[in-house]
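Asker: Sequence:
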Amino acid sequence: MKFSAALIALVAASLPALAVPTAEPEPVPAPVSVELAGREATPAELEKRDNNIYVCEGSGFTGRCVTYYPDWNVCAPWSALGLSGLQAWGPGEGVYCIWYNEPCGSSDVTASDTFTYPGFSTVPGYWQFNTQSWKCWW
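For the sequence shown, our numbering assigns the number 1 to the initial residue and increments by one for each residue that follows.
Be a bit skeptical, because a hint or two may be false.
[What the hints assert, rightly or not] So the derived label-pair ranges between C-beta atoms look like this: (1) ASP108 - SER59: 28 to 34 angstroms; (2) ASP108 - THR67: 30 to 36 angstroms; (3) SER107 - ARG64: 30 to 36 angstroms.
Hint data in this document are derived by calculation from the structure and do not stem from the laboratory. Remember, it's a predicted structure, so these values are computed and weren't measured experimentally. Backbone N, C-alpha and C fix where the C-beta goes; we use that ideal spot for every residue, glycine too.
Turn these sequences into a full structure, and let the hints steer you where they fit.
Answerer: Okay, structure coming up:
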């Protein structure tokens, strides 16, 4: 008995549909809403999950916290984070940040040392109370 090529292709194509089903896949968590330089993050940016900073009002990364996706190497005002205080600051891996004691564009500004991951679970005292702007890059 000879089978035509079309019949063999049809049977071969339908075999995956007849396979025994595997275990249910893990559910994908719903994306979270994240501010990205003053705008809502896109699904692709949420998937990426890097080039971000994690900032909290409480030391030890406690209290109210935000994950923020800053624009690359752009000075941002402290108010961009929407927090009332700064106690913990954690750049993502490969992200470098610097704080300034004056608003963006000021001529008489003092800058912190550049820092990177894991950041500070307790921000150094001066910068807890004097950070007025910041920028990050990767």
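Asker: Confirm or reject each hint.
Answerer: Hint by hint, here is what the structure shows:
1. As the Cβ distance of ASP108 to SER59 is approximately 29 angstroms, the hint placing it in 28 to 34 angstroms holds.
2. Checked against the hint of 30 to 36 angstroms, the pair ASP108 and THR67 passes, with Cβ atoms roughly 32 angstroms apart.
3. Between SER107 and ARG64 the C-beta distance comes to about 33 angstroms, which sits within the given range of 30 to 36 angstroms.
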